[in-house]
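Protein chains in written order, with my numbering: chain A, 1 to 350; chain B, 351 to 733; chain C, 734 to 916.
No lab work stands behind these hints: they were computed from the structure.
There could be a bad hint or two in this list.
[Unchecked claim] List time: in silico PhoX-like cross-link candidates among lysine-lysine, alpha-carbon distance up to 25 Å:
(1) K542(B) x K762(C)
(2) K829(C) x K884(C)
(3) K505(B) x K858(C)
(4) K757(C) x K42(A)
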Amino acid sequence: METFNVFDVLLGNNFLSALISVVLPLVFLVIYALIAILGELKISAWIQERLGPMRTGPYGILQPLAEVIKLIQKEDIVPAGANKLLFNLAPYIIFAGSFAGFAVIPFTAAFVPAEINIGLFYVFAVGAFAVIGIVMGGWASNNKYSLLGAMRSASQMISYEIPGALVILSAAVLANTLDMQKITSLQEGGFWNWFLFGGPGGFSKIWILPFTLLLSLIYMIASLAETNRTPFDIPEGESELVAGYHTEYSGMKFAMFFFAEYSNMFIVAAILSIVFLGGWTSPFGSFMSGYWWGIFWFVSKAMFIVFIQIWLRWTLPRVRVDQLMYLGWKILLPFALVCFVIISLYRIIY
Amino acid sequence: MTTRKILDIDFSRIDTDRMRLNVGPQHPSTHGVLRLEVELDGEVVTNVIPHIGYLHRCFEKIAENMNYQQVIPYVDRMDYISSMNNELPYVIAVEKLLGLKVPEKVEYIRVIMAELNRIANHQIAIATFGLDAGAFTPFLYLFRDREYILWIFEKATGGRLLFNYFWVGGLANDVYPTFKEDVLNIVKQVRKTNKDIEELLIYNKIFIDRTANIGVLPADVAINYGCSGPMLRGSGVPFDLRKAEPYSIYDRFDFEIPVGKGEVGTVGDCWDRNIVRMREIEQSCRIIEQAIAQMPDTGDVQSAIPKKVRPPKGEVYFRCENPKGELGFYIISDGKDKPYRVKGRAPSFVNLSVLPEISRGYLFADLIVILGSIDIVLGEIDR
Amino acid sequence: MIDYFKYVWTWFYTILIGMRVTLKHLFAKKVTIQYPNERYPIPPIARNRLQLDPDRCNGCMQCSRICPVQCITVETLKVVPTDPEKPRMFDGTPRKIWVPRYDIDFAKCCFCGLCTTVCPTEAIKHTTDFEYSSYTREDLIYHFSDMSPEKVEEKKNLLAEWTAKEKAAKAKQESEVSSKEVN
Chain A
1 METFNVFDVL LGNNFLSALI SVVLPLVFLV IYALIAILGE LKISAWIQER LGPMRTGPYG
61 ILQPLAEVIK LIQKEDIVPA GANKLLFNLA PYIIFAGSFA GFAVIPFTAA FVPAEINIGL
121 FYVFAVGAFA VIGIVMGGWA SNNKYSLLGA MRSASQMISY EIPGALVILS AAVLANTLDM
181 QKITSLQEGG FWNWFLFGGP GGFSKIWILP FTLLLSLIYM IASLAETNRT PFDIPEGESE
241 LVAGYHTEYS GMKFAMFFFA EYSNMFIVAA ILSIVFLGGW TSPFGSFMSG YWWGIFWFVS
301 KAMFIVFIQI WLRWTLPRVR VDQLMYLGWK ILLPFALVCF VIISLYRIIY
Chain B
351 MTTRKILDID FSRIDTDRMR LNVGPQHPST HGVLRLEVEL DGEVVTNVIP HIGYLHRCFE
411 KIAENMNYQQ VIPYVDRMDY ISSMNNELPY VIAVEKLLGL KVPEKVEYIR VIMAELNRIA
471 NHQIAIATFG LDAGAFTPFL YLFRDREYIL WIFEKATGGR LLFNYFWVGG LANDVYPTFK
531 EDVLNIVKQV RKTNKDIEEL LIYNKIFIDR TANIGVLPAD VAINYGCSGP MLRGSGVPFD
591 LRKAEPYSIY DRFDFEIPVG KGEVGTVGDC WDRNIVRMRE IEQSCRIIEQ AIAQMPDTGD
651 VQSAIPKKVR PPKGEVYFRC ENPKGELGFY IISDGKDKPY RVKGRAPSFV NLSVLPEISR
711 GYLFADLIVI LGSIDIVLGE IDR
Chain C
734 MIDYFKYVWT WFYTILIGMR VTLKHLFAKK VTIQYPNERY PIPPIARNRL QLDPDRCNGC
794 MQCSRICPVQ CITVETLKVV PTDPEKPRMF DGTPRKIWVP RYDIDFAKCC FCGLCTTVCP
854 TEAIKHTTDF EYSSYTREDL IYHFSDMSPE KVEEKKNLLA EWTAKEKAAK AKQESEVSSK
914 EVN
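Extracted from the complex, chain A is given alone in its bound form:
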């Protein structure tokens, strides 16, 4: 399918189309965050044989809205010994970092806010932004728990970038490009063309099929750690560090952290679905394929991965900080490296 930005075509390449391209993902993000929060509440409740929120609206579907309104109303507290500037800046930096990632996410063949040829690299580059915000927030709070959480978070997120980046590197080797639209277009024509199953190509891809499956698994685990979700939520591990780096935050600033977490969840889910699950392409070849269907496929694939993230969160206990490092450096990294080497060899041979 041909890829282009629909607003550039309709309005011309001017300021207005750029503005719309920026605002549209934000609108999407807000709606998605509300749905994801509701999903988190409901799925956790159902897993635990509870009903979950039931009072706000039919079956409690307005609960996330109510919570956002509550957070907006709450008093904005800055602790006495805090560094005001950094303390106030941190949530915005985290949110900006996670929102910047949306710039290169192709929602459908006809819409990607900024089509750049190093999209995957860009996502990783701006994704690392969040660490700065977390360390700033944790240090500026003048709270020992926050400081511990920030230190843990920094080490965790940096060490998990590496296996994640290796996975993306392997995918780039396989696809021969870093452009998200091109990667997605390559996987058109049915789910057997997904990079999860070795990508497009003849029967020879059977040699790398186990390795691409493994790669997607590695990325799944690494992305959980990058977004600070259970079982890797040690920066905010509530039983040890109360709430980690955002212990002292309240009201709207806390909402920003919350928002950024869900936005990060979507970004990693989107990358996983673009790189391994074919993004906006239909899993059944040309059946149900098109520009509008593209949005549906992309969002439902990403949401499925978000669901798995939520599901894992309510199943597993939390790992300890040294085990997390062990897992990242001694398990995920060697496995990713082996996969990378084999995929490169395959690429050279075929």
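Following the hints, position chains B and C against chain A.
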């Protein structure tokens, strides 16, 4: 990754700033109002000082101004999640002072109730232990089952947590007609949930990594500190008062004493302490089933209750196997209707005292897990 | 090396087992209920708020004596034989004692049920009502006596009159006796 030794660092040699962290009394995982003063070197715990007393209610002094019957509600409130087990040593101690013999049926109901409460207590212990390790879902599965047990208590005694059910010489009232069936159903349900919990939590590799080889309590240290209950048995010492000096009618039942064997790590680590509780639930189920089968249907549960509890001059110490350990009551009577002195030997208090010993050199996250594995109730520690 | 792969495998495998358990529960029947709309049945034996039947209370004060937390305050007045009302108990026997004040402080009550077991007339009982929270502690002190302040005043006066009369009669008798002795 299978073995992890205590970090062997000579802290006095490295001159770094230590961080003093106050954990509690309002911390999510201090099991009540315990305050821990933790000295951290980075994330490594170099020292822990537990501060207690936030829940002190002068139980022992109040008891001197109450008659023997009125003390029982206070005894309930010591370890408020296993009240039946608190009442048992107290009433048996007073009965010993009086030289009373209680009817057969009373003994059976007491054993069934105490064992049901032991199950409820261990369920909380495992649930909160999982919560400390970060697993939220098993917590609610276990609480759901505990709720069913509490319903039985409510139907039989009128109270959900604080029963005032065991009286000196008998029971407050007889159990309701369908009691036996209800209890057997609960036993079935408890076993079913235990299977889920084993799959979801106990044998989960992350959980094993978190708890195995952590907070190792060697048997000699446990004995020297006077630990009892699952703390002691987790270290591989098969000491259970129900077997060692059978009280009530425990000598009639066939059950085993589960001990920690170090299946996934070292003997006496957190995982062992937890699995001992897990297996004790199964043993309690066995005791309950046997007791239900043997329990006489007829009999007056109040026939032996004395009109006025006025023991002769003397003193008595009686200890029972509380879910948390050895709970003993030392009662001195001066011949009046009020005790001259009541002293409770609280197992949680003794078990907590070993915390600094077993948590030095571990990470801060381990400290929380170790604290969870001790299974303390502050109501009992502070009394 | 084998240990390493074994470790990785158990790590992965046990996570899958855990996910199977939670997935099973995801579709299971839910156990919680919508509380104020639906409730679990409370057994009649349950010990919740206390309720006094003033008709049955004979003012023996046993409940206030047995209470471990002293949350029951009872005041009594003797019924004078000349009382025009000729008060009766619930079973028709003549009432000997008025209960002008019977207060229970539910902020203190520990719901042990001792007061209900000692009560000879079963006047005080636990109900199944557990929803009686209030905004102030004073609201938690329940006044169970059915006597109005005027009536209490009246009975007090009656008693004072009667005791004065008694005293006078006694004094008269005594003076008579003493005068006899003198004589």
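Verification of the hints:
Proximity of K542(B) to K762(C) is assessed by CA-CA distance (about 15 Å); at most 25 Å being required, the pair is judged to hold. About 16 Å separates the Cα atoms of K829(C) and K884(C), which keeps this hinted pair within 25 Å; it holds. A hinted pair counts as satisfied when its Cα atoms are at most 25 Å apart, and K505(B) with K858(C) qualifies at roughly 16 Å. Proposed proximity of K757(C) and K42(A) is supported: the alpha carbons are some 15 Å apart, at most 25 Å.
Hint check: no violations occur; every hint is consistent with the structure.
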